[in-house]
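Number of protein chains: 2
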Amino acid sequence: MLTISGTVAFDSIRTPLGSHSKLLGGSGMFASVAASLFAQPYLVSIIGQDFNPDYLAFLTSRKIDLSGIKRSDGLTFHWSGFYEKDMGQAHTLATDLNVLLEFDPLVPTAAHNSRVVLMGNFDPALQKKAILQFKKPELVVVDTMNFWIENSIDDVRAMLALADVLILNDQELRLLTGVDNVIKALPEAIALGPKRIVVKKGEHGALMYNGSDYFMCPAVPITELVDPTGAGDTFAGAFSGYLSTVPVWDELAFRRAVIYGILVSSHTVQGFSVDGIKSLTLDKLEAAFETYKSRSMLPTSL
Amino acid sequence: MLTISGTVAFDSIRTPLGSHSKLLGGSGMFASVAASLFAQPYLVSIIGQDFNPDYLAFLTSRKIDLSGIKRSDGLTFHWSGFYEKDMGQAHTLATDLNVLLEFDPLVPTAAHNSRVVLMGNFDPALQKKAILQFKKPELVVVDTMNFWIENSIDDVRAMLALADVLILNDQELRLLTGVDNVIKALPEAIALGPKRIVVKKGEHGALMYNGSDYFMCPAVPITELVDPTGAGDTFAGAFSGYLSTVPVWDELAFRRAVIYGILVSSHTVQGFSVDGIKSLTLDKLEAAFETYKSRSMLPTSL
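Residue numbers (numbering that gives the first Met the number 0), protein chains in the order written: chain A, 0 to 301; chain B, 0 to 301.
Check before you lean on any hint, since a few could be wrong.
Chain copies aren't distinguished; within one or between two, either way the pair holds.
As the list claims (entries may be wrong) - Subject to a maximum C-alpha distance of 35 Å in a straight line, what follows is the list of computed DSBU-like cross-link-like pairs (lysine-lysine):
(1) 194 x 292
(2) 135 x 69
(3) 194 x 21
(4) 183 x 277
Bear in mind the hints are in silico, worked out from the structure with no lab data behind them.
Isolated chain A, as found in the complex (with noise of 0.2 Å):
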């Protein structure tokens, strides 16, 4: 079983691409759709009266538990940004965080033997709070941002210290840990709590730290860069999603899973919002992983 906890939100978004407005968007969103290539996970989350009921439906077909879902009388939480044209930073216009001011994550009773928990990037108090409700999880991964380690670094150690697998990107590693060298700075993210530490780092791949060695992974060759929005998170719902379905976790399991992270990732910057993955399917992803493993190992007979 797997639950995954983060924001469900409304996504406004310019890229050199394109403009939308109010995308179906947030990190719980995002990790939930990726997962359930995989899974049937529940989602814990808070939405707004206004909150799309073409989006609930679209969740619902994807088979994720909403029961979790909490919707309050306020407005659905809003971010509103842009991105220039290499698309490597997001720039934030507005954040209406609405909604999101009285989450206080609430895992549903059916959902606290969950084997594997997410927690996607949101408030790292409730973070705490929503991994302390699980009865024994075996498998706890979790994602952060910049924001919280500026702002709340106690509650992200604090976090942290519950955490199996840390998976951030490189620049928030730089920060949360004061190492400009990220291979200096992965033992003293390890020290913080977490057994593991994922590394995405874009365009350019990611690389996996077990406390003692390193799995490195190039990134998928991509032509249309269409909307980065939502790839670290459906990178770590795809990765969380693979690992629950999995009976012992070895040092082969946590590689596919990165693997998939990748890939999955690598379908969603192609679209706007969910776009780039709605037409995944397992089958397309494992024909993508055979084709990855061709382009980037060298050939197992040799």
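Let chain A serve as the given structure and place chain B on it in line with the hints.
What follows is chain B alone, placed relative to chain A:
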């Protein structure tokens, strides 16, 4: 047989880890020392009367054939520059071309039958002139840089028409093709002549394109970046040196060559000048190759 042409230089360099003047440098020198791990290359270049006998003795000790190096009356080519903290970009303080102004590469007769030819970075008109001196080279590998693409694009194009493999970094590829997206730029570079493009991405590894498919290679985890000078040259040298030992160049051979390039250049950047690769041996390199494989691929048994 392998012949390399390129510069032999004095490098005066400042990085956050130290300052050194008149270090042994130059594209041909770096490439030859890297290639000498695999083969006994001819080096075609020019030096001045002031060139350090110790440096010559070092090159001879590496079994590099120096009969193609002209010793001229002037002063040795001298590059002076510095790197900022992130070491992503070299900043030039002075370029004293000196004897390079009279460089007219003359390939020794004994090297005319070279099977593999590497043109390290120097004037593309002279690269072409050097290539044309070989009787029947089976593999012509070429390097170039921004300066020539910006100032001598016609010479670069004429030289590329004779090349089998072009090695360059991502920025240079963008500049050469006018295409921002690296993946889209690759076919454009192929259209200029080379059958294969190898894109160096520094701390993010490398990418090879053979006209129809990709080989994606992550970089080696490095904790101590001392001086990036020569990283690209030693990449090209190791790549070409390894290939000169291989009877048949199938896709696997080229993939191994890219990995040797990554491994050797990862040593180059851990010291000034050739300090990082001086103590490297083929045995150590093979061990590094196995470690690299174990860190970058799925176990072959699964």
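For each hint, the structure was consulted:
Taking the closest pair of Cα atoms, residue 194 and residue 292 come within 35 Å of each other both inside a single copy (26 Å) and across two copies (23 Å). For a Cα distance limit of 35 Å, the shortest separation of residue 135 from residue 69 inside one copy, 24 Å, qualifies, whereas the shortest one across copies, 74 Å, does not. Taking CA atoms no more than 35 Å apart as the test, residue 194 paired with residue 21 passes in neither setting, with 37 Å inside one copy and 46 Å between copies. For the identical chains of this complex, residue 183 and residue 277 are inter-copy neighbours only, at 25 Å across copies versus 38 Å inside a copy, given an alpha-carbon limit of 35 Å.
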